[in-house]
Amino acid sequence: DQQVKQNSPSLSVQEGRISILNCDYTNSMFDYFLWYKKYPAEGPTFLISISSIKDKNEDGRFTVFLNKSAKHLSLHIVPSQPGDSAVYFCAATFRGGSNYKLTFGKGTLLTVNP
Amino acid sequence: GAGVSQTPSNKVTEKGKYVELRCDPISGHTALYWYRQSLGQGPEFLIYFQGTGAADDSGLPNDRFFAVRPEGSVSTLKIQRTERGDSAVYLCASSQVIYNEQFFGPGTRLTVL
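Residue numbers (my numbering), protein chains in the order written: chain A, 1 to 114; chain B, 1 to 113.
So here's chain A without its partners, still in its complex pose (with noise of 0.2 Å):
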């Protein structure tokens, strides 16, 4: 059972817009979220996260926002240049727990086309 998703396996935008890649997670007690970005060949690299008890974490060109409610986190880059393309993994942790182990999504490979 997968307790995060990425229902988008890829999702292709043009250089300067916007690209939103979503996540929802199943799992009451996950309290912390974070966004990797990954390059073939080279491992997740941490991109961004956010903690239960906010709704929105901004760095630069990248906000996550988080919606408790909904099970449901978004990543927003604003604006997409072509060296975002990657595969950008959605990941999730319970940090009440003894170890700090992460829970990832199947990943959505982001194609920023110049």
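Simulated from the structure, these hints should not be mistaken for lab results. One or more of the hints may lead you astray.
The following residues of chain B were derived to be distant from chain A, with all beta-carbon distances above 10 Å [said to hold, decoys possible]:
hint	residue
1	V4
2	T13
3	K15
4	N62
5	E71
6	Q80
7	T111
Under the rule of at most 27 Å between Cα atoms (straight-line distance), these lysine-lysine pairs were calculated in the DSSO-like manner [to be verified]:
hint	chain 1	residue 1	chain 2	residue 2
8	A	K5	A	K106
9	A	K106	A	K71
10	B	K78	B	K11
11	A	K106	B	K11
12	A	K106	A	K68
13	B	K78	A	K106
Note that beta-carbon positions come from the ideal geometry of N, C-alpha and C, so glycine has one too.
Chain A is already provided as a structure; the job is to place chain B on it using the hints.
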């Protein structure tokens, strides 16, 4: 500075053989995680070390899988009697304390023929 490194980057082996995958975490990071990423999937948790001890090995699929971290730094993931279904990218991550972000290595791509 140096990130997480993993060796080898690629490993091809035959069904039934034994393999070892190595992870060098970022210096000073006490928490170390192993994940496995199968084709078309996200990374899946295998095992977590805090220092030298395996604090959570609930993600190991069966007893053919074992991992050690004897001195609290380098970790080795060991797979006995490999099966074709073990083929995946094995990722290692480390963090400074358990609540900080995890830094991932490039992974080891294991192919079992």
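In rising order, the numbers of the hints this structure does not comply with | 1
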